[in-house]
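Chemist: Chain residues, written in single-letter form:
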Amino acid sequence: MKAPIALAGLVAGAALLAAPAGADLPFEGQTLTVLNWNGYGSDTELALRGFEERTGATVRHVYHSGGEELRQILRSGGIGQIDVALPNPTYILQMVEEGMLQPVDPDLLDNMSKIAPNFLEVDDLYSDGALYGVPWVWGSTGLTYNTEAFPEPPTSWLVLWDEANRGRVAFMDSPIEAVMLAALHLGQDPHDPDLDAVRSALEELHENVQTYWGSSDDFNRAIITGAVTVGNYWSGNAGSLIAEGHPVGYVIPDEGAAGWLSTWVIVRDAPSSDLAHAWIDWMISTEFQLGWAEDPEAGAPAPANAEAAALLSDAARGRVQAYGEHAERLSIMQSLTPEQQQVYTDLLAEVKSGL
Amino acid sequence: MSGVLWRGWVWLVLALVYLPILALIAMSFNASRYGTFPFEFTLRWYEALAENRRLWEATLRSLWLSLAVAAAAGAIGTMAAVWMSRFGRGGARAMQGLLVTAITVPWLILAIAILLAALWVGVGRGLVTLFLGSLVVAMPYAALVVATRLQGLGPDAGLAARSLGAGPVRAFLLVTLPLIARAVMSGVMLAFVITFNNFPLHFFLAPFGFNTLPMEIYSYVISGYVPDINALSAIILGGAVMLGLAVMGWRRLRGG
Amino acid sequence: MAELELDRVGMSYGNTRVLHDVSLQVPDGRFHAVVGPSGSGKTSALRLLAGFARPDAGQVRIGGHDVGALPPERRDLGIVFQNYALFPHMDIAGNVGFGLRMRGAGRAEIRRRTGEMLELVGLGGLGARYPDELSGGQQQRVALARALVIRPKALLLDEPLSALDRKIRQEMQLELRRIQREAGVTAVIVTHDQEEALSLGDRLTVLDAGRVCQEGPPFEVYNHPASVFVAGFLGNANLFAGRVRAAAEGRVALKDAEAVGLHLPPGTAEGAAVTLCIRPERWRLAADAEGPGLALAGPIRHLHQTGETGNGAIDTPLGPVAFTVLSPALGDLATGKPVTLHATPRDIQVL
Amino acid sequence: MIRSRTGGPGVARALRPAEWPRLALMAPATALLIAMVAVPVAMLAWFSLLSGPGVSGAVTGREWAVMLDRPQLYGGLLLRSLALGLGATALCILIAWPTAWALSRHVAPRTRSAILALLIIPHLTSALLLIYAMYVLIAPGGPMMTALAALGLAESRDTILFTRWAVLLMLTYMYLPFMVMALFAAIERIEPTVLDAARSLGASGWARFRHIVLPMTLPGLMTGLVIVFTPAAGSFLEARILGGANGMMFGTLIAEQISRANNQPRAAAMAITLLAVILLLLGVFRLLAMRAFPGAMRRPGAHGSGGWGG
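Protein chains in written order, with the working numbering: chain D, 1 to 355; chain C, 1001 to 1256; chain G, 2001 to 2351; chain Z, 3001 to 3310.
It is worth saying that the hints were derived from the structure and are not from the lab.
Computed from a prediction, not measured in an experiment: that's the story for all the values here.
Treat the hints with caution; some may be incorrect.
Derived, one-sided and incomplete: chain D residues facing chain Z with beta-carbon distance under 10 angstroms [unchecked claim]:
(1) Glu69
(2) Gln72
(3) Gly80
(4) Tyr212
(5) Ile224
(6) Val228
(7) Ala315
(8) Asp346
One side only, chain Z facing chain C, incomplete, derived with CB under 10 angstroms [stated by the list, open to error]:
(9) Val3055
(10) Ser3056
(11) Val3059
(12) Tyr3132
(13) Trp3165
(14) Phe3236
Cβ coordinates follow ideal geometry from the N, Cα and C atoms, glycine included.
Let's have the full structure, built from the sequences with the hints guiding it.
Modeler: So, in structure tokens, the structure goes:
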């Protein structure tokens, strides 16, 4: 009984050893450095192993905790060390201006054709006609609530300001999201609001906020344990909570919500531009996008790959909150000028300090 | 009677210090990924940890960075301490002032100062910046530990060796160094521990992609985590305490 | 001022009994020395008087009152510790004035009395120094001044001179005696140094293993030790084992030697084992044995001069015998030269 | 040989060959301290005057103007940081003092060294692990809240996590063992007979503490103050992870200036402000201590070997 198993193991081992030598892997021994959020798809086993099998290259991750920090990492030495990054398209133009990015060559991406056309129409992806960002996934930052505390789904952002929810709100620690949400709440143009009004709205909101969440874990923990009952949260992650059976609901309020797109960019002076293209091609492949979205614990947003989106199981479709009617009420985030960014950052910092 | 109250207080404080640590270890065996109850025993997170290459790689990275820094800090610190105790005169006090000042500056502020200076020079983040920054934080501890020992020792032994015909280098290597070996070891260990633990410096000075263990833990805690970090923390904290107790037990056995 | 009294006290640390039935009486204004080897219980006795320890049995009395329940801070005793126990963070004036401060004395009074006391101990003008800037002898004086300035009911001294050099120690013994007289304070000194005990105390108590061995004036105790232990502990002694041969005549037989005529204590039984004790300085050098008493002859084994006196020993059938002579007499002696030592019955103690 | 370098009249001397090895002993440490501490910290002052981003802008002093323009925010955060730092230090002293005393006077030496080791060991691993352990402990629905809820003392969803109290608790927890060490070392140095002497002179329990024990442990207390207050007031992680909406500290904002706002000059200006205020406060404490107990803060051994009292 034992001998055949040992033998089988030996054969399998030999096959494994032989495989890399036999297969013609184009990037054998190279390393790709990815700049991303922690736990945002690209560092799953699926992503790493799939890429290694295809290219022979290993992947290294550098983590950031927000778009501002992402750019900061590139500014302070990341260029030349990091190959690809995953900014929100609102940052792309400015990053091009700062000389942080190099154009993506769509001809090197076999899966480019599968991306839903509407995502490729976003202006922020292009500079001087050249493509810089490749759409990957998309989602919204909507109202997420505890269904036990709110048997009737709330339909307006007003609920965050409601005095009844003092100390029960989790609010996202992101300047641009904060400003856009306050603007929507105030009925203003989310892309060009009256900042004084926004400031006082956020200061008022601060009274209700229990925590400014910085990670999906912060939010998950807070809402599952009941420490908070309502907040603004990403669609995909909220979908995962719902799928896991937690008493959580997710809506796009009547005022609308911020919509976002995650796009891959290639950093200027990337150690290997070809490898970077190979990576992006893998990331937007139907196989990866479907695999990620179908993993019930991964908290994946909606795939930008139309083929993958069409193949989604119902369960996965529910999790990623990729419903057409949602999209209509979304205000897709737009680029900010450096001045705006500084102002937004200072504004949120001041509100958060409570002083 | 009052002695009982005093001792009770000590045990109470000890218990409180260990409360979070024990809670963490307990929760590392809890199935809920959000650390909630009811408690359901599982080894799942330890299994996940065993497969988590990132955490192990970060642990190794932290270990060798700390080892390298500790070795350098021990050497440079011992040299400075010897200089202070034997030749320093007025300079010793100035040197001591510098060492103590270096210890007094909060790590966050020092990290930012070094980062900005490194950017200004054009070096920026990098292994060299990280190494030198860690070294300058750890070295004063090693130097002060050795200097204290040398001060307690006095120059007699070294002078005696000199009077018996040993040259200054041989006198140091054969007589003084063995006498301060334990202090040097303590200094090196202290430097190791401080480097291992110095998150602010790692956070601002490490080159991108060079995530030390504290940085990995930070990124887990800040940007969403998997409970295998509970398992790793439990192993490190539990392991450190076990190691400490083992060392003490060994010393006791040897001592009596 | 008051008399101090330990009345049949017993004391234990855990299961170890350190004092058995110890009594001590120090009349008002007297200087009493308690002497014994380390572990004899002398420090425990002092701690009982001071109030740092409680007796298991018996009473501690100060001025006739039982103070068993009184904590040390309310006993009004001045204590000088072996290591002086000066407060390192206070200057000398602060140290000396501390007890007055604790008693709520006014600033001016503290300054005046502190100054007076520093003058008394010979440290006038050093009030602003710190303890670590003084020599050992000076620190000792500060400790004394600090204990005396509160005008204590009594002064307790715990090995106060043991940390000092020999020369300063002798000087300080005289000083201590002078200051105690001038202050007129009852004092108890605890020491393992017999010389110190003999020169300081009006009376002397010898302790061993937690029991009182002998009590009396120094001269008395030294010259008439009550036991082999006391004889050996207080100064040097040549001890010879013997057996009573003719009690009526006072004859005692020593090993391998002639019987010796002595004044035996009344009631000594025939055949009883006794020990003869002869202090080295009691020997007379004699050309040959004459008169009653004990004579021992033999070659000089060694000699050395210590100052005004010289010490030596001769080899005898009874073993080496120590003697002390005044320095001038040393001139006639040389190692190896045979001499005879003679002691009259008055010089011989029978134990 | 060793004593050959007696200073002589202050004539500029050429270094004799024999002195080179000596200088080589101190050169690496000195170079390191100057290049990596003195120069960068001094340069913060210069960087703070530039206009960002980066450290190559023109000298404008803009960031100081911004900070002065918003005294409520920057001053308020600074005060909060100092208050949290001082609060944690005070709590550390209150808890550590009796602990150190009990260890020194009421615990057998063997047990004592074991307890001291057990106290310090977890704190030598990684601050982040401890913060994280505290997070797990006090998280809503976590062990502590569940236990309190079971006792009917609180609701399990309530927690002090994400409040200033959590930050204060964490800072106290983080630095307590170091304060115990500092005070223990100081208390060990008080000879028991010194306290007996004070007693015999009429000092009651409180008076002995006030006049003997407190001043004699003052140097240890000052050491403790430096090793607790300085890092506590300059911390940012504790507030970042446990502080939530209300726990923001000055250090958190400094770190954000670098990692988020890309405003290095403001980070420099804030860092130098914090450093100056901390050093100033430490100086004031030292002065107050010297006022209250002039003899206690002397350097020991004016007659002895001289000390680098640590």
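Chemist: Starting from the hint list further up, note which numbers the structure goes against and sort them upward.
Modeler: Checked against the structure, the hints that fail are numbers 3, 7, 11 and 13, while the rest are satisfied.
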